[in-house]
Amino acid sequence: MNGLETRGKTRIVLWALLAAALILYGFPFIYLLLTSFKTPLEAISVPPEVLPTQWTLENYVSALSREGVPAALVNSVVTAVISTALSLVLAVPAAYAITRFRTPSGRVFIVAALVTRMVPTIAVGAPLVEIMRNLGITDTSFGLALAHTTISLPLSIWLMASFFEAVPDELDEAAKVDGCSRLQALWRVVIPVVTGGVAVTAIFAFLASWNEFLFALLLTSVRAQTTPIVIANFQSQFGLDWGGMTALAAVYSIPVILLTLFLQRHIVAGLTLGAVKG
Amino acid sequence: MKLRTRPRFPSRRARVGIAAATTLITAIALTGCGVGGGDATADADTLTVVVEGGGKAELQPIADLYKEETGTTVKLVELPYAGLYDRISTELSSGSPTFDVAALDAIWLSAFADGLAPLDDLYTDDVKDDLFGGLVTEAQVNESFIGMPVWTNSEILFYRTDLFEDATNKADFEAKFGYPLAAPTDWEQYHDIAEFFTRDTDGDGQTDLYGTDVKGAVETEWLATVSQAGEEHMVLDAESGDVTIASAEHLEALDYYTSLLPYAPSGASQLDWAGSQNLFYQGNLAMMRFWGHAYRATPDDSVVKDSIGVAPMIAGPAGIGGVPGAWYLSVPTAGAKQEAAKEFVQFAYEHNDLSADTSLGLVARKSAFEAKSGEAGFENYPALLDTLNAPQTLPRPATPEWQEIVDSVLVPMLQKAVEPGAENAALLEEAKSQIEAIVQ
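Chains as they are written, first to last, in my numbering: chain A, 2 to 279; chain B, 1103 to 1542.
To be clear, the hints were calculated from the coordinates, so they are not data collected in a lab.
Source: prediction; values computed, not measured.
Backbone N, C-alpha and C define an ideal beta-carbon position, used for all residues, glycine too.
Heads up, a few of these hints could be off.
Claimed, not checked - Here's a subset of chain A near chain B, in silico, CB distances under 7 Å, partners left out:
1. GLU6
2. THR7
3. THR11
4. ALA22
5. LEU23
6. GLY240
7. THR261
What the hints assert, rightly or not - Sample of chain A residues lacking proximity to chain B, with all beta carbon distances greater than 12 Å (derived):
8. ALA113
9. ILE132
10. VAL178
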C-alpha cells in the first residue's frame, strides 16, 4: 500500500467521522426545525415522525402572535448585550492585571473567581432576589443582566487571561517605550492583538445570558421576562404545545447562529491564538 | 468559504464605535428598562398574581372584571409550571415576595404553609357547602385555610363514541360478555371493554387499536385507583405519619392497574399524560382516563375530534374515585397588600363562573359546574361533578415531602410495576421503606 492510498483512506475515515459528529450534533436541532413545520397533532405523534407529512407555518404564526413573545425577544437581546458588555468591561482589565502583574493576590483572585462557578445557581437565588429588590431593580433587564454577569464573568476572566498570556510582555514594553501609559498599551496595542479572544469571550458571555433560565425565572415578572421563560410556558400542567415551542425555539436560535457566523473568523483566530507561541 | 485565521486589528474608527456602543448599552442599562409592559411590583392600585402558564387564561376574565369594578389592576405574571415552585419558594424564603397573590397547585400547599396567610374568614358555611369535600380538606393545613380553590380538575373517562355506537361492536360485545356495550362504570367493565377493543383493525397482523393505556411515568391515575379500592389514606396518613402504601388496598389497586397492560400500547413505563393524550387523539385508544379539561382541548385535526364521549371516573370496590387536581389562590404572610389581596381572592371566588368560558374551561365551585352542566360544549361538567362529589375522591396527603415522594418513589415504583414479571407486593414494601426514610 503506497502513501497516497493510505492518505486517501485516512481522509475517508476522517470525513466519515466528521459526518457522524455533524449528525450527532445537528440532529436535535434539525429535528426541532422539522417539528416546527408539523401540524399540532403530528408534532406530538406517537411514535414520532421525522419529516412532516404536511408542511405548515401555523406554529410560527401562533407562537409569534402569542402575548409577550415579541417583548421577550427584545428583552433577551437587551439583557444579553448588557451582560456581555459588562463581562468584557470587567473581565478584560481584570485578566490583563492578573497576567501582567502576576501577584499572589492575583492568583488567589483568579482561583476564587473559578470557585464561584462551583456554587449551584439555585443556592444564590434567594439572596439575589433580596439584593435586587433592595436595589429596586427586580424585573428589569439591567438587574437580570447583572445576575447573568455573575455567571459569565469568572469564565470571561479565565478566557481573557489565557489569551493575554499568549501575548509577550515585550509588546507592552515596546508600547511604553513609544510613550503609552499602561492603559494605553492595553487599549492600543494588546487588545488589537487579542481581538479573536475578545470575540470568543463575548460569544461565551452572550450565550450564557441568552440561554439562562433560572435567574430569569426568579428575577423577572412582566417587564423584563426573557424568551427561555416564554418558551417554557408552552408546556403547562394542562398540555404541551410542542409545535409552538419548537417554532419559537427555532426563531430564538437565529440571532445566535448569525452572531456566530459574523464572528467566526475572530473565533477561529481566538482559538488558535497562542498555538504557535514559542 | 475560506476561513481567515489571521486576527485583524480593528481600526481606530471601529474602536471608537465599540466604545460608543458600550456607552449606549450602559445608558440603556441604567434606565433599568424592559419592554414587557408595566411594572409588576406596583403601586397601590395594582395587585400582582403569579400563575402557571396554563392557568392564566382562567384568571384573566376575573382580573378584567376586578379592574372594571374596583379600579385595581391585576397583573397576571405567567410562569412555567416547572419553575413556579422554585420562584414562589425563593420569594417566600426571602421574606419580601414581589407578588401579592399566588395560584398554587394543591400539592404545594403544605410545603408553603408557613409562608401563607390564613384565609379562615373567607370560609363561611356557604362557601364550604359550595366546594367539593376534597378541596375543603386540602385547603386546610395546620387547622388554617391557606388557599381558596380557583379551579379544579379530576380524571374522568374518555371514550370513542364511534366505536361504542357501532352496531357490530355492540352485538359482538354483548355476545361475548353478556351485557350491553356502554361507557364502563366499574373496574370489571373497563377491563372487559379494554380487552374487547384491543385488535388489529387493518389486517396487517399488528395490533393498532388498544382498549386503554397504562401510564407508568405519572402516578396520579394509580392513586385514583387506590382510592377506588377503598384506601382512605393513599400512600401515607399525613396526620399520624404512618406509611400505608403496602396496604391490601394499594396492592389490589396496583394489581388491577397492571392487569390492563395486555390491552395497552407497549412502552407503559415511559407513558405520561402528553403521550396518553396523543395516543387517544391519533385514534389508537378506545378509552382513556384523563383530566377533564382535555375535553375542550381536542386538536381540530384529531381523527376523533367529533367522536369523544365522557363519563365519570370508573368505580372500584369502594366506588368512584378520582384525585382532585385543584389550584388555590393564596396570600403570602409577608405580602405588602394582604387585605387587598384577600379581597381579590374573595372576588375570584364570587365570580368563579367566569372561568368556565375560557380555553381551559375549569371552575371550582359546585354551583359554577352545575350552572353550565346542561350546555353544549360542557359535556365534561356532569362527569367532573359526579367524580369530584364521590366520597372516594380523596386529596393527596398533605405533606411537604410529597413531590419528593412522587419523584423518587412512586413514579420509579410504577415504572417497575409495568414491566413484565414485576412483583407488586415486593415493590410496595420497598416503596414503603423508601417513603419512611423520607418522612421520618
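Verification of the hints:
1. Of the supplied interface hints, the one on A:GLU6 is violated, with its beta-carbon coming no nearer than about 28 Å to a beta-carbon of chain B, more than 7 Å.
2. A least Cβ separation of about 27 Å between A:THR7 and chain B goes past the 7 Å threshold, and the interface hint is therefore violated.
3. With 7 Å as the threshold, the beta carbon of A:THR11 stays out of range of chain B, its nearest partner Cβ sitting at about 22 Å, so the hint is violated.
4. At about 18 Å, the closest approach between the beta carbon of A:ALA22 and any beta carbon in chain B exceeds 7 Å, and the interface hint on this residue is violated.
5. The interface hint given for A:LEU23 is broken, as the beta carbon of that residue sits about 17 Å from the closest beta carbon of chain B, more than 7 Å.
6. Because the closest C-beta pair between A:GLY240 and chain B is about 6 Å apart, less than 7 Å, the hint holds.
7. Residue-level restraint check for A:THR261 is violated (minimum Cβ-Cβ distance to chain B is 13 Å; threshold 7 Å).
8. At the 12 Å boundary, the C-beta of A:ALA113 stays outside the reach of chain B, the nearest C-beta of that chain being 25 Å off.
9. Its beta-carbon lying about 10 Å from the closest one in chain B, A:ILE132 breaks the requirement of being farther than 12 Å from that chain.
10. Separation of A:VAL178 from chain B is adequate, the least Cβ-Cβ distance of about 19 Å exceeding the 12 Å criterion.
Going through the hint list in order, the structure does not satisfy hints 1, 2, 3, 4, 5, 7, 9.
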